[in-house]
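Colleague: Sequence:
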Amino acid sequence: MSIHLLVLNYNGRSLLEECLPSVVRAAELSRHDCRVAVIDNASHDDSVPWLRCRHPQVDVIHRPNRGLCSFNAVLAELDSHVAILLNNDIRMADDAVDPLVAPLLEIDPSEPGCFMAAPLCWQSDGETYEGFRTAVCWRWGLVQATAHFPRHEGTDFQPDLTASAGAALAVDRRIFLELGGFDPLYLPGRIEDLDFAFRGYLAGYVARYVPESVVYHRGMSTFGKIYGVGGCDRLALRNTLLFQWKNLRHPQHVVRQLTGFPLRIARDVARAPWEPAATRLPFVHALVAAWAQWRKMRGQIVWPQRSRREERSPPLLRHTAAERAFFRRFHPRRMAAATAGGRPTIDATKSSLVEVGI
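In the numbering used here, the protein residues as written are 883 to 1240.
FYI, nobody ran anything at the bench for these hints, they're computed from the structure.
Note that the coordinates shown come from a computational prediction; the quantities given were computed from them, not determined experimentally.
For every residue, glycine included, the Cβ atom is placed at its ideal position computed from N, Cα and C.
One or more of the hints may lead you astray.
As the list claims (entries may be wrong) - Restraint ranges, calculated between C-beta atoms of paired labels, are given here:
#1 K1178 - K1107: 20 to 30 Å
#2 P1133 - V1111: 30 to 40 Å
#3 P1133 - G1062: 22 to 32 Å
#4 T1161 - D990: 31 to 41 Å
#5 W1173 - G1062: 20 to 30 Å
#6 A1219 - L1145: 23 to 33 Å
#7 I989 - V1111: 42 to 52 Å
#8 I1108 - P1158: 36 to 46 Å
#9 L911 - G1062: 56 to 66 Å
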């Protein structure tokens, strides 16, 4: 089976030096036919010369800087069945590839097809759990995707479905393209992974969390340098609004927004006299930015597709039923209630730390 491991890079030569060897090693140790490539988003550091000198076996694919959307055009040109999509600040355990792609290679006509698989992700310290067993919840009228919900610790090592992934995921290439890939509405980035997973769920597919596959994430290594923590938070807030405007139609979810938004605006106004000018009225500014982005990008939005299971029902009813089912399935209480049997010990899950040089 042919598999591509694609690393997205922008001015990240030092990150490639730290992380790429683990990706190459994991590809070499897989039982599948794996090829590693770096998608370089018009870097102006020495990423490309360094790659050609130090890793000549790694393909370099040049693309304009369109964040995760760069994967869209690249996957359209490949012929592999499965692709693993990685940020340049991801390290992989030696044995990470095979369990991660296994759900995408299984064929069971009685089960919904798997379109995406997510590994267990530690932060780069190898001690702090980051995800990607993801739940979705509401907070003051806004959707929040999180792996750190109450009592998540008991099921972090339990295979399950997941509402989203993050900096590392494997996809069925054909289904990825069928769904439209990552939506440019969210450029330069944030929340587009949740949007992609949500569209997959509405189309009748499932995303699986595979804790047997382990990766390590440095986090905010590219976006943090460009936008800073505050800028990243503002992008996440803007894009959360765009996600909700684009995808949510269920009456209960509409009511949550209509009641939560005024409370957020009131909180912004009440805090404004004591906030620095640069951070004042964050929700109000996010609303303005989201509306401007919506008007700019509305002709390029990737809309959810018809579910194969409910294609005979009216479109709005079909959408709202699947939307509600998504939020019920991935509610934190349901995710926390999953059986935690078979959880390995902490030492067992971290046995590969030595393998990736942590």
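Colleague: Please go over all the hints and tell whether each is borne out by the structure.
Modeller: Hints, one by one, checked against the model:
Hint check: K1178 to K1107, Cβ distance near 25 Å, so the stated range 20 to 30 Å holds. Between P1133 and V1111 the Cβ separation comes to about 36 Å, which falls inside the hinted range of 30 to 40 Å. For the pair P1133 and G1062, the supplied restraint of 22 to 32 Å holds, since their beta-carbon distance comes to about 27 Å. Between T1161 and D990 the beta carbons are some 50 Å apart, a value that contradicts the proposed interval 31 to 41 Å.
Roughly 23 Å separates the CB atoms of W1173 and G1062, a value that falls within the hinted 20 to 30 Å. About 29 Å separates the C-beta atoms of A1219 and L1145, a value consistent with the hinted range of 23 to 33 Å. Here the CB-CB span from I989 to V1111 is close to 44 Å, well matched to the stated 42 to 52 Å. Remark: the range hint 36 to 46 Å for I1108 to P1158 is contradicted by a beta-carbon distance near 21 Å.
In this structure the supplied range 56 to 66 Å is violated for L911 paired with G1062, their Cβ-Cβ distance being about 33 Å.
In summary, the structure is inconsistent with hints 4, 8, 9 from the numbered list given earlier, while agreeing with the others.
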